[in-house]
Amino acid sequence: MNTAADRRAAWNAAWEEDGRALKESLRALAGAEGPLAAALGVAMLVADVWRVVRHPALRALRAERLAQGA
Numbered sequence: 071m072n073t074a075a076d077r078r079a080a081w082n083a084a085w086e087e088d089g090r091a092l093k094e095s096l097r098a099l100a101g102a103e104g105p106l107a108a109a110l111g112v113a114m115l116v117a118d119v120w121r122v123v124r125h126p127a128l129r130a131l132r133a134e135r136l137a138q139g140a
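For the numbering used here, count along the sequence shown from 1 and bump the result up by 70.
Since the hints were derived computationally from the structure, they do not count as laboratory data.
These figures come from a predicted structure and were not determined experimentally.
Wrong hints could be hidden among the right ones.
Estimated spans, in silico, between C-beta atoms of each pair [to be verified]:
| # | residue 1 | residue 2 | range |
| --- | --- | --- | --- |
| 1 | GLY101 | GLN138 | 40 to 48 Å |
| 2 | ALA108 | GLN138 | 38 to 46 Å |
| 3 | ARG121 | ASP76 | 35 to 43 Å |
| 4 | GLU94 | ARG124 | 16 to 24 Å |
| 5 | ALA91 | GLY139 | 28 to 36 Å |
| 6 | GLY139 | ASN82 | 16 to 24 Å |
| 7 | GLU87 | GLN138 | 22 to 30 Å |
| 8 | ARG124 | LEU96 | 15 to 23 Å |
For glycine and all other residues, C-beta sits at the position ideal for the given N, C-alpha and C.
All chains, full assembly: derive it from the sequences and hints.
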């Protein structure tokens, strides 16, 4: 079984990659010229946020916090 430190380390490693993609999507959206480019930027941003939120390491940390609060 993974320890809490292992789960946090997995999340931190995932955030390095997924967080970078999220920042790139935000930059692309900020620099969008025209409605089509803005719509594409929003779609990319939503996909990146979804990937971060659904990451197994983050879900494990959330479950751990819920169990501690119960």
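Original post:
What hint numbers does the structure not satisfy?
Top reply: 3
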